[in-house]
Structures are given as structure tokens and as C-alpha cells.
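Visitor: Residues per chain, in single letters:
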Amino acid sequence: MTETDSATEYDLGADTDAAQRLGALREQVRELTASWLAAGRYTPRSDCWLRSFDLAFSRELAARGLIGITWPVEFGGGGLDARSRLVVTEELLRAGAPVAAHWIADRQIGPAILRHGSHELQKELLPGIISADFIFCLGMSEPEAGSDLAAVRTTAKKVDGGWSVTGRKIWTSNAHRATHAYLLARTDATGRKHEGLSEFIVDMSAPGIEVSPITDMSGEHHFNEVTFTDVFVPEHRLLGTEANGWHQVIEQLSFERGGPERVLSTYPLLAEALNHLRRSSDDRHDVELGALVARLGTLRRQCWEIAEALDAGRAPIVEAASLKYMGTEFENDVIEFARRVGLPTSRNDPLAEALLASPGFTIRGGASDVLLSIVAKSESKP
Amino acid sequence: MSEFARELTDLIRNLAEDAGDKVDDYTGSVWAQVRELGLAGIGMPEEQGGSGGSLADLMVVIRELARAGVSTPIVEASTAAYAIGAAPREGFETIVVMPDWDVLSNAVTASFAGVPFADTASGLVIVTASSVVTVPLAGESVTVEPGHDIAGLPYGCVRLDDASVAHIPRGSAPEVIDRLALARSAALLGSAWGAYELTRRYVTEREQFGAPLIKIPAVSTTLAQMVVRIRSAQSALDRATTACADAHTPALRRFGAVSAARISTATTASLVARTSHQLHGAVGITAEYGLHRYTSKLWALRDADESQLAYCRRLGARVRSEGEIQLWENISA
Chain A
1 MTETDSATEY
11 DLGADTDAAQ
21 RLGALREQVR
31 ELTASWLAAG
41 RYTPRSDCWL
51 RSFDLAFSRE
61 LAARGLIGIT
71 WPVEFGGGGL
81 DARSRLVVTE
91 ELLRAGAPVA
101 AHWIADRQIG
111 PAILRHGSHE
121 LQKELLPGII
131 SADFIFCLGM
141 SEPEAGSDLA
151 AVRTTAKKVD
161 GGWSVTGRKI
171 WTSNAHRATH
181 AYLLARTDAT
191 GRKHEGLSEF
201 IVDMSAPGIE
211 VSPITDMSGE
221 HHFNEVTFTD
231 VFVPEHRLLG
241 TEANGWHQVI
251 EQLSFERGGP
261 ERVLSTYPLL
271 AEALNHLRRS
281 SDDRHDVELG
291 ALVARLGTLR
301 RQCWEIAEAL
311 DAGRAPIVEA
321 ASLKYMGTEF
331 ENDVIEFARR
341 VGLPTSRNDP
351 LAEALLASPG
361 FTIRGGASDV
371 LLSIVAKSES
381 KP
Chain B
1 MSEFARELTD
11 LIRNLAEDAG
21 DKVDDYTGSV
31 WAQVRELGLA
41 GIGMPEEQGG
51 SGGSLADLMV
61 VIRELARAGV
71 STPIVEASTA
81 AYAIGAAPRE
91 GFETIVVMPD
101 WDVLSNAVTA
111 SFAGVPFADT
121 ASGLVIVTAS
131 SVVTVPLAGE
141 SVTVEPGHDI
151 AGLPYGCVRL
161 DDASVAHIPR
171 GSAPEVIDRL
181 ALARSAALLG
191 SAWGAYELTR
201 RYVTEREQFG
211 APLIKIPAVS
221 TTLAQMVVRI
231 RSAQSALDRA
241 TTACADAHTP
251 ALRRFGAVSA
261 ARISTATTAS
271 LVARTSHQLH
281 GAVGITAEYG
291 LHRYTSKLWA
301 LRDADESQLA
311 YCRRLGARVR
321 SEGEIQLWEN
331 ISA
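Residue numbers (my numbering), protein chains in the order written: chain A, 1 to 382; chain B, 1 to 333.
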């Protein structure tokens, strides 16, 4: 641990215990990523939290107690606060580490189960997420329901002992590797479209599920289309309250937007550009570098403020939408910076890798246009 | 952040209301009241003639004065006072930054363009690369040529002809420069809020095409873009305030946080000035309507002391010389 780091972790000020705890967490992640890097076990890359999938790495994190660190100790979680999770995720993204296997479950499914799941469901699922044995994918978007998520058509019908699910989900990242799916489905089609939605946890091994790959523009396969045909979901796998799914999923989306992966997806490329400038003693880009770094520091602070708000029991919905809007803009501008700096641009170079991933930044988890409308709505209130 | 933010905000709002159309009288009654209330001495200990309170409180005062559209020399006066170690009393000192310069002797011959409040300040603090000196703005060896900045505020030229200056032994130039940038950021942010609030009110009240303007999606989206950036600049300012308030903050981290605040508020200033005029239409351009009070200050202050470009270049150069580890652990932390 460096001295400066332990002394002043953001603005904890006199709370040196907290500062030391956070500093130690950072150091733990740095040691792990450094040793894997030194052993050639991974290559840092942009958009690692979606595209760099390595179960072995996720299990290493699990073995160190770094998954589910905010969850209750009762289920094997760390019982720590949101700020602790922030320092861990920030360091992982900085290192461009292979974290895609556990990212979704750790970020939003576990918390959703903690908020709305029965104790039975919590006991069944949380320990498996914490040990990186359960890998989740997100069954939200559909061919006819993208930004307009309430247009979901997949149905779940009551049957003996549970539900029967039929429908199609799309853009389901890593469904081909997942053990479980979170699923948003319609349990009642009689009311308005925001009503009658419910959330489920589905075993990906259940009969009737078919996963077809969708190759993205970079040539990589993380997207899938998932078809559900009369898939049986046991009664207890209903998450929360029947027909309360819209409220629950909006909450889930609002929380997941406020993390550092909305800022740091291209950080490894920024580091690479900086090293390039240092090696060539090139001062021609100082102005642009300074402007980018000013934004980086500010966005990291905004992530911190959101974590503080969560720890204080608030729901920073507008703050998270604002962060994602500005953070993903920064991620894209880092790529343009790397381009002007003169990093190589072959198809397999980090710059091209980031660029080909970049259109997704401002779409997934709430398209920028939708985010602005969330902010605008809160501003038009008298 | 500031424990007394609400009280200070209310106090300044009342003060601005009482001032009515005297808000532009920058060294008149409002400034006298600000001084009498000890607002410019907030954040300085009582033994230095200050009013106590925290640096965060002072930033609230500076921001809220700007937000209320009140023109005062509080940025210059409070920063100069911090540099000297004595709170402003009857008069106040103003301040200039000369980063590429140094003062080694006790007599100076030089000329400074663009000195804020040059014709009303009683003295001048000059911050150079490694020294902080003061000189009274009076006497035969000093000439002050009045002028005005983009907002119409005093912005003169000071000529020193073998003028004797006093070195401030305890003065640390980088700390004073950071404090000035911090205070300037607070003023920029306050002016941005002021322009935004006028604009928000205007588009919710003004009807065109049979409905309030805000019903037009392009208008509400533009408004959202303004407020998203203003709040982000507020986060940058809060971060920098925390860094400056704690004497144990490593200098590199403080420099990173302050530069980010200064750059972020300047960037926001440009967007807010342009957008608030666009959404107001022709009425915003008139002398009678108050928008120009904010936008002209945003234009003047974004490059005050040192330009936004200079801040970007210095931050970028520092990042390049320090490397990724320092970037992550201090400059952007």
C-alpha cells in the first residue's frame, strides 16, 4: 500500500479505519491483477466487464471474498459498504481484468435478490454467486422491447407448482456460458403495459431453452438470442411480488447505472496512450490529455458520491443517469484521444478493439437519449 | 460538505434581494455588507481577523453570491487574504498569477495587464512560480490604468516602476494558486447555476406553439444537458474543496482536484452561456433582462487568472511526467 493512498482515501478525512480498510482492499486487487498479468494469464483490455470472461479469475476473486462484498455475512458476503465495492470494481476496471463472468450477478442480480427475494431464494442463490459457481445473464430486452422495456411480450403462465415461460430474449450477453438467467416476463396481459410484469430466476439447464449466438460487429460472440418454449420455472423462483416487476426492474436498472464501469471501460486504452506519449516525450497532446484527466477525476468523484448515497440509504436515480450519460461520453472520447495520439489501428490493436466495442457504451443499461429524458423529467417538476 | 450551507444560502439570497438593482455595484453597499458580516473572512482563523468556519463554507458564499447575480471582489479579496494571512478589513487586496515569472529582489519594475479590481483594491498580491509578494496600489511608483473585462467589471493595468514589494515568507505559491483556482471555480459554478435557473424558469413559463417551451423534447433535452454538466462541475468543486481543506492532502492530489474543478467549471461555463441564450431567444439578449449578468461573467471568468487552456496544458503535462500510477492514485483520485 502506498502511503498517500492509505492516508487520504477520497474524503474520509479523520475516519482512518475506513481509509485503511479501503486501501487494503485496493491493494488486494492490485496484487492479484499484477500477479496474473506477470504470469501472462490475462491481457488487459477495454470493455473487460462485458468481453473478458474467465471463470478461473472470477473464482480467484471469490476465494478472496471479493464477490458479494456488500452482501450479508449470513450468505457468505462481506458485509461491507458500497464504497468498499467501488474501490474493488474500480481497481479491476483499471487493470482491464477478466471479470465478465461474475460482473452482472455481483452488480445487480444479487442486490435485486437481496431487495426482493424470499429468504429461501436468498439462501439458494447468493452463496453460489459469491463462490462464482452461478453465472448470470440478463433476460430483459426482446426483439420488440429495447429502450421501451415495458413492451416485454415473453409470458409466464401459472401452472401446477410454478410458471411456464414462453418467449424470446435478445442481446443476452454471455447466455451461452450462464448457469442462470434473470427474466422479466408478463404474468398478466390484461392491464396497461407497465402492469402485469414479474421477475424470475431461471435455470439455464431447464428443458425448452435454446441459446443462439449473435456475433457482434467486432466478430466476437457475447450476445445471444435466447428462446424459451414452455420452460418450467418453480413457484419459489418468482423474484419479489407478482406483477410488481416494472417497479423492481426500474430500481435494478437505476442502481446498476451508477458504477465505475460507465466511466472506465476504456481506461486501459488511456493508460496505453499515456505510456506512448511518455515513451516518445510527445507534448503536443497535453491540452487534450489535461481536459480528459479533469473529467476522469470528476467522474470518479461522482461514482464515489453515488456509493455514499447508497450507503446512506438513498436512491440516487438521477445522479446515476447523469453519471452514465457523462461517463460513457468520456469512454468514447478516450478512444478519439488514443487515435489522435497515434496508437496503432490494426484490427487486433487495443484501439480498434475499444472502437468496435464503443457503440454499445451509450446504448446498454439505458441509451443516452433515454437518460437525458430521465433528467429532463426531474427538472420539469415545478 | 458545508454544515452551514443552508443558512449561508438564505443569508445571501436575502442580501441580494435587499440590494435590488444595486447588485452590479461591485464595491458598493453589498460588498460593504459582505465584509461587515465577515463573509469574506470565512475559512480563516479568528487570530488572523477571519470569521472562522470552513473552506467549504467560503465556497458556498462565493457560489451563492455569484448565483444571486451579485458582483463583488470576494474571490480576489478572500484569496489575497489567505495568501497574506490577514482577513480583509476596510480595503482589500487583489491578486494576479504570473506562473512563468519570479520575484527575487525587493524592488519590482513590471507591468501587469488584466488585474481584476485594480482601480478599487488597496494592494496587489503577485503570485509567481515560487514566491508570493505584495505591493500597495498607491504611491509614485505605481500606475493603475482602469479597464473592464467582458462582464464590465474592473480589469485594469498595473505598472510598477521600481516599486518596493514585501515578500510573504510563509507564502507557498502553489497553495495560493490552487486556492485562487478553487474560489474562481466556485464563482463560475454559481454563475452557471444562475443562468440555468433563469433558463429553466423561462422555458417552463414561456408558451409557444400552444404549450410551454419545455414540452418540446429538444428543449427539455438541452436543459438536461446543462444541468447534468453543472452538477458534475459541483462534484468537481466539492472534491477540490475537500482536497484544499485538508492540510495532509498530497500536493499532487490537490493540484489534480483543483485543476479538474477549474477546467470542469470553465467547460460548463461555455456550454451554459451558449445554451441559456439559445433557449431564451431574443429576450435574453436585451440589457433589461438579467441573463447577460450571468453569461458575460461566465465568458469573463472561464479564462480569468489563467486561461482554461493553460490549466489543461499544465495538468496534461503533469500527468505525462508523472505517469499512470500517479494519475490513478493521486491526480484523479
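Hint data in this document are derived by calculation from the structure and do not stem from the laboratory. Fair warning: this is a prediction, and the values are worked out from it, not measured in the lab. Hints may contain errors.
[Said to hold, decoys possible] Here chain B is said to cover these stretches of chain A; the calculated rule only asks that three of the stretch's residues, wherever they fall, bring their Cβ under 8 angstroms from a Cβ of chain B:
{"no.": "1", "region": "28-34"}
{"no.": "2", "region": "274-287"}
{"no.": "3", "region": "321-328"}
Where a beta carbon is used, it is the ideal one built from N, C-alpha and C, also for glycine.
Visitor: Please go over all the hints and tell whether each is borne out by the structure.
Guide: Now the hints, each set against the structure:
1. 28-34: violated (count 0)
2. 274-287: holds (count 8)
3. 321-328: holds (count 3)
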